[in-house]
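Protein chains in written order, with our numbering: chain A, 1 to 443; chain B, 444 to 776.
Since the hints were made in silico from the structure, they are not lab data. Incorrect hints may have been included.
If you want a taste of the chain B side facing chain A, the calculated C-beta under 8 angstroms gives, among others [said to hold, decoys possible]: (1) V462; (2) A513; (3) F579; (4) P580; (5) Y712.
The model shown is predicted, which means the values in this text are computed figures rather than measured ones. Ideal placement from N, C-alpha and C gives every residue a C-beta, glycine not left out.
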Amino acid sequence: MIQTFPKGGIHPAEDKFAAGIPIRVLPLPKTVNIPVSQHIGAPSEPLVAKGDKVKTGQLIAKSNGFVSTNIHSSVTGTVTKVDKMMDSSGYKRMAISIDAEEDQWEEGIDTSKTLNRKISATGDEIIRKILDAGIVGLGGATFPSHIKLSVPRGKKAEVLIINGVECEPCLTSDHRLMLEKGEELMVGIQLLMKALNVKRALIGIENNKPDAIRHLSSLASDYEGTEVKTLQIKYPQGAEKQLVKALIKREVPSGKLPIDVGTVVHNIGTAFAVYEAVQKNKPLIERVITVTGKKIESPSNFMVRIGTLVSDLVEAAGGLPDDTGKIINGGPMMGKALKTADVPVTKGTSGILIVPSDESRRKPVLNCVRCAKCVSICPMGLEPYLLQAATEFKKWDLVENERALDCMECGSCSYICPSGRPLLDYIRLGKSTVSKIIRSRKQ
Amino acid sequence: MDKLITVSPSPHAYGDDSVKRLMYGVVYALVPAFIISLYFFGIGALIVTAISIVSCMAFEYLIQKYLMNARPSITDGSALVTGLLLAFNLPTNLPWWIIIIGALVAIGVGKMSFGGLGTNPFNPALVGRVFLFISFPAQMTSWPEPVVSRLQYTDAATGATPLGVVKEGLNAGVPMSQLLEQIPGYMELFIGHMHGCLGEISALALIAGGIYMLAKKIITWHIPVSIFLSVFVFTGILWLINPYDNAGPLFHLVTGGLVLGAVYMATDYVTSPMVPKGMWIYGIGIGVITVAIRVWGAYPEGVSFAILIMNAFVPLINKYVKPERFGEEVKNG
Chain A
1 MIQTFPKGGI
11 HPAEDKFAAG
21 IPIRVLPLPK
31 TVNIPVSQHI
41 GAPSEPLVAK
51 GDKVKTGQLI
61 AKSNGFVSTN
71 IHSSVTGTVT
81 KVDKMMDSSG
91 YKRMAISIDA
101 EEDQWEEGID
111 TSKTLNRKIS
121 ATGDEIIRKI
131 LDAGIVGLGG
141 ATFPSHIKLS
151 VPRGKKAEVL
161 IINGVECEPC
171 LTSDHRLMLE
181 KGEELMVGIQ
191 LLMKALNVKR
201 ALIGIENNKP
211 DAIRHLSSLA
221 SDYEGTEVKT
231 LQIKYPQGAE
241 KQLVKALIKR
251 EVPSGKLPID
261 VGTVVHNIGT
271 AFAVYEAVQK
281 NKPLIERVIT
291 VTGKKIESPS
301 NFMVRIGTLV
311 SDLVEAAGGL
321 PDDTGKIING
331 GPMMGKALKT
341 ADVPVTKGTS
351 GILIVPSDES
361 RRKPVLNCVR
371 CAKCVSICPM
381 GLEPYLLQAA
391 TEFKKWDLVE
401 NERALDCMEC
411 GSCSYICPSG
421 RPLLDYIRLG
431 KSTVSKIIRS
441 RKQ
Chain B
444 MDKLITVSPS
454 PHAYGDDSVK
464 RLMYGVVYAL
474 VPAFIISLYF
484 FGIGALIVTA
494 ISIVSCMAFE
504 YLIQKYLMNA
514 RPSITDGSAL
524 VTGLLLAFNL
534 PTNLPWWIII
544 IGALVAIGVG
554 KMSFGGLGTN
564 PFNPALVGRV
574 FLFISFPAQM
584 TSWPEPVVSR
594 LQYTDAATGA
604 TPLGVVKEGL
614 NAGVPMSQLL
624 EQIPGYMELF
634 IGHMHGCLGE
644 ISALALIAGG
654 IYMLAKKIIT
664 WHIPVSIFLS
674 VFVFTGILWL
684 INPYDNAGPL
694 FHLVTGGLVL
704 GAVYMATDYV
714 TSPMVPKGMW
724 IYGIGIGVIT
734 VAIRVWGAYP
744 EGVSFAILIM
754 NAFVPLINKY
764 VKPERFGEEV
774 KNG
């Protein structure tokens, strides 16, 4: 039976132009800018200074606190700058700039393509390796993965969920990874299962990727406890809570995490990175990124070194089209619009989307006609129209009581609104204001 | 980079729904009922509809432009829908000047005095209709004979609606079985061969349009179904208790303005609840009030009043009936 989450959801145009294009390795960039904050949590602490020589895979910034992680050089070369540089947020933040030469890998990293199925590491060793390798959630949230695997005392994981949904339109990086690195993924999943000490893993894939479902299903039969589940196409099924609901019918309560209902969710990309880190001793210095758009010459999936400039990446896909209205880091629903293409890709970059100018402008804003479409599609069961109005009139109590903080900013409400109202923009403002109020209350 | 690009928060993709598309969807859905009306009432249906639409759109334009100093938004189709629905609620022999008064009240009082589209608490077309109904009771309750002459307008021969026949008959002590002989059979009632307002007669055409609106996701099923169900159950109970003095549930479903009201008027976005559970409360309220007016009230028909009364409860319903939140309670299935 094809499963899905029951409440809300939308069906935006998929536009997965690069789904049939195999992953190509992007030629080494001349320069990389590696931000020290590519994850949720404390920025890493730089270990190198201007003029230092670094090798590919060398640790250049170390984890700085519990919620933090390591960062490695993605190229071999000379550090030219350790300073504030503009990143994808549009702000200037600390980053390490390296001029690249020919690749020379740090010792101990296995760069061969041979598949290593034999798992020798213990659970704790796996988690240690994941932290050492600087792995974060590659679905886009970039939460340090080792923390998710360290199950708090008193809680127990029963099943591992692997997110192969890729419900975000246009993006195809996870899809290609599933098709081309299936075996490695399976081993990565075994490693995650061992780290969590669970016997069962479910891989959720939407049925717009039948080839990936077939491929992984046939591989899964060789791995005990691993099962591929076909999911109905619906956005935002890749959202953690929705995926948990779709696969194991459990609702993660408001303000809680999947571990509270006995599961941990990891992305396909993360599982692959875990395989490379544990079996190949290779830190997270590259990832698959989709470069796509209606006007782009050749939509592609690239294996890209972290820190490569977006402009280099777009160049490799045929260059920035004349008709460019927006450059988006991520997909059309949750991606962030970039101020310029001269910013680096990070661990959380799953795609670069070029939107033509006629699709970059918003519709004129009309009165709310109370059609209730936003209420019916909200996957969290909220009332976006009400949160919007409450924020507009600064009724912060109402914003809080109507559970604005449950909103995960999937954008379905703004997408569906026939009056073109900026619902999510207001809800974000409401959320951040209410968060501030709650913090000040605690002090 | 020398080119300016747009930077805005997500989402960057938008659906193709627009208020205009939704409003015109309602207009298309009403076309079959209008054609049936043309067949039964002829030229009168055309004249009344044209006057109503033109005057509603003209009043909206004039009020927005000269009273509200706002940019007129008549192209969004909402005034067109109000005009059409107002016409559908009028007899086809209504003099032109009464229609214009109705349009002025509908748009001016029902809609614009509250600030325009999206802010009116009551269904504008019904505000117009009920105003006329109370102000011009004689003209508003003389219904032309279906298919006598298609070329007559205000001079058409008139008669009573099936609901009127039943109400008057029962008041006079005539048993239900005799009354049923005076009105057409169920099949004819369903197709629309009866006295009545312009657009309310054909349940068949109205339901066809309703299915179109459901398929196009213009409305949801909750409000019409809850109204039909509550009317069916309520009149069914009354009929079972006393079949001599009460018409059966099927009769109540196909006569009067019930289908028009349930599918097109009660589902008006602005004046109906936001959450399915609230829609049920609202729909059941409309059904119960309609039957109460029809059976015990002074008027033979009560759909308009029922919808307006429940419109008044909508803000309250929206305040207290909340959608089922995700993760409200731990559900381990």
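Do the hints match the structure? See the list:
1. V462: Since chain A brings a Cβ to about 5 angstroms from V462 of chain B, closer than 8 angstroms, the hint holds.
2. A513: violated (11 angstroms)
3. F579: violated (31 angstroms)
4. P580: violated (33 angstroms)
5. Y712: This interface hint holds because 4 angstroms falls under the 8 angstroms limit.
Checked against the numbered hints given earlier, the structure breaks hints 2, 3 and 4 and satisfies all the rest.
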